[in-house]
Amino acid sequence: MTPPATAATRSEKVRRAGPSGIGAGRPGFLWAAPAAVFFGLFAIVPLVMVAVLSFASWDGLSDPEFAGLDNWRKLLDDPVMIKSLWLSVLLTLLGVVVQTPLSILLGVWAAGHQRNRAVLSAIYFVPMLLSIAAVSVLWRAVLDPNFGVPAQAKWLFGDGNLFGMQSSAIGVLVFVSTWQFTPLHTLIYQGAARAVPQVLYQAAQIDGAGTVRQFFHITLPQLRNSIITSMILMVVGGLTTFDTVLILTQGGPGSDTTISAYYMYQKAFKSFDYGAASAIALLLVLVSTLISLIVVRLSGYDKMRSTMEGL
Amino acid sequence: MSRNRPNYFAGFGSLVWLLVVGLPLYVMLVATFQSRPDYAANGPLAFPEHFTLDNYINDLNSGFAQYFLNTVIVTMCVVGIVVLLVPPLAYTIVRSRGRATTTVFRLFLLGLAIPSQAVVVPMFFVISEAGLYDNLIGVILPTAAFAMPVCALILTGVMRDITPDLYEAMTIDGASSRRVFFQLVLPLSRSGVSTIIVFSALQAWNGFLFPLVLTQSAETKVITMGLYDFQTEHGVDTPGLLAAVVLSMLPILIVYLFARRALVQGLMGVGGK
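In order, the protein sequences belong to chains G and L. Position 217 (the first sequence) corresponds to 274 in the working numbering; numbering is contiguous. Position 50 (the second sequence) corresponds to 910 in the working numbering; numbering is contiguous.
Calculated directly from the structure, the hints in this document are not laboratory data. Be a bit skeptical, because a hint or two may be false.
[What the hints assert, rightly or not] Pairs of lysine to aspartate or glutamate, DMTMM-like flavour, derived with a Cα cap of 20 Å: (1) G:Lys-131 with G:Asp-116; (2) G:Lys-327 with G:Asp-135; (3) G:Lys-327 with L:Asp-994; (4) G:Lys-211 with G:Asp-201; (5) G:Lys-327 with G:Asp-120; (6) G:Lys-327 with L:Asp-1021; (7) G:Lys-131 with G:Asp-330; (8) G:Lys-327 with G:Asp-313; (9) G:Lys-327 with L:Asp-1089.
Please work from the sequences and hints to get the whole structure.
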């Protein structure tokens, strides 16, 4: 077991390790090769293929034909595609707006060391363990218009068919992903809130700052890096939501919840237009890679340094 | 957090959240222990009058046992591949100073951003061409590949905490990188390795998209596919469906009870530092 290194001793170690460390006995690239080859084969190669296919016309049976920008032009003219992009963005934004404050509050609250908080956090964590398929099936049953909770609580749900209207169907999708993914983000904030130096709070208390002021002037700024990481995860996760839509709404009513990832699946495996599907897929990759590059830069992950060092 | 008075607002909020998390789980559990007519008559919020295990028994008899077995096979193989490949990778990323290693690390970081849907079309053809369509191996390989970035990130974080002095001491003794890996790095990152085991297992167990696109027949169905099919075919049998949901999560809950520490700590490190 590694003893948990405190932030201070850790950065000290990093500095001492520097270039003065003995260079001999370092592992060569061969150690990383099996993992790199495996990952390359099943993630990078298909990614390149997606890019190539997005410029081809292909039904999956005959040979793919080079089609230039045809797929892209078609997509730009496709009203469902434009709508699906807008829906993806809307769903993602709503997710971020709902989940961020909720998980920050829950995370900061759970960072306390009282026993009841530990027990509650353990329960809060359960939705995270379930597969998206299980969660979607569960909520589909709970919200069923005839046999579910809405049939019993008409005063709250009206006619009860939450899946029959665009606004309520989107509401359900946002709610279900909040239910499932808030634990993950809560945990990220909980870890970060525990790492905030207690000195800062003690100093603030001497200055007479109350709980609310301490939260806004110490906790929130200290959580900056976690907020970035967590938001990126939310954005990438939101843009690529798929299972939830497939099981809960099948993109309906009409195409009112057909988000891009689901539209891509339909194009490929229902209409067998693999070229168009690849173009949508490439679009998704570009957006999520762009966002991740930004976070890697902002958080300094790639420089392998602890963000506590500046303190 | 040192606070003098209890924060009633936060306490109230956390109880509300407990309701939001707990109520659907309660509805699910209660529904699975009653017959279909009972459930239809009493509604989802009522407590069952006649306790029955029939829903579970029916599910297990209608193929879920096979799906269970398939999922166990997929999960064990994915965990095996990840545990075999990721520790040496993380070791190289942390210790090697070469340019190739840095590139590989960035590639894996980017891999975090590649959504699995994005590659599912070419994956379908690669797997079909390799003759692995509708074969569990065809599900195992891509699932393992997509579990690797997160695991690499977690394990490099853990290995970076090993003091350089230890490496230096071993190197002065003339140890090869192989000895350093097996006698120093692996033993000291045991906690990290258990985290990635739990992680990759969770991902494999809950995988949906690759099985959806890459398998077809009942012999290769995994449990998430079983749920999806059940829902489309017998959507009205809510108690049976929910019993299947409970069955699908039971092993995960057991793992969670035993490996909670590793799982939670691994996740906290992702954005915490």
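Evaluation of the provided hints:
For the suggested pair Lys-131 of chain G and Asp-116 of chain G, the alpha carbons sit about 16 Å apart, so the restraint of at most 20 Å is met. Simply put, Lys-327 of chain G and Asp-135 of chain G have alpha-carbon atoms about 17 Å apart, close enough for the 20 Å limit, and the pair holds. Between Lys-327 of chain G and Asp-994 of chain L the CA atoms are separated by roughly 18 Å; this keeps the pair inside 20 Å, and the hint holds. Between Lys-211 of chain G and Asp-201 of chain G, the direct Cα distance comes to roughly 12 Å. Compliance with the 20 Å bound is thereby established for this hinted pair.
For a cut-off of 20 Å, the pair hint linking Lys-327 of chain G to Asp-120 of chain G stands: about 19 Å separates their Cα positions. The hinted pair formed by Lys-327 of chain G and Asp-1021 of chain L fails the criterion: a straight-line CA distance of about 49 Å is larger than 20 Å. A hinted pair counts as satisfied when its Cα atoms are at most 20 Å apart, and Lys-131 of chain G with Asp-330 of chain G qualifies at roughly 12 Å. Simply put, Lys-327 of chain G and Asp-313 of chain G have alpha-carbon atoms about 18 Å apart, close enough for the 20 Å limit, and the pair holds.
Simply put, Lys-327 of chain G and Asp-1089 of chain L have alpha-carbon atoms about 17 Å apart, close enough for the 20 Å limit, and the pair holds.
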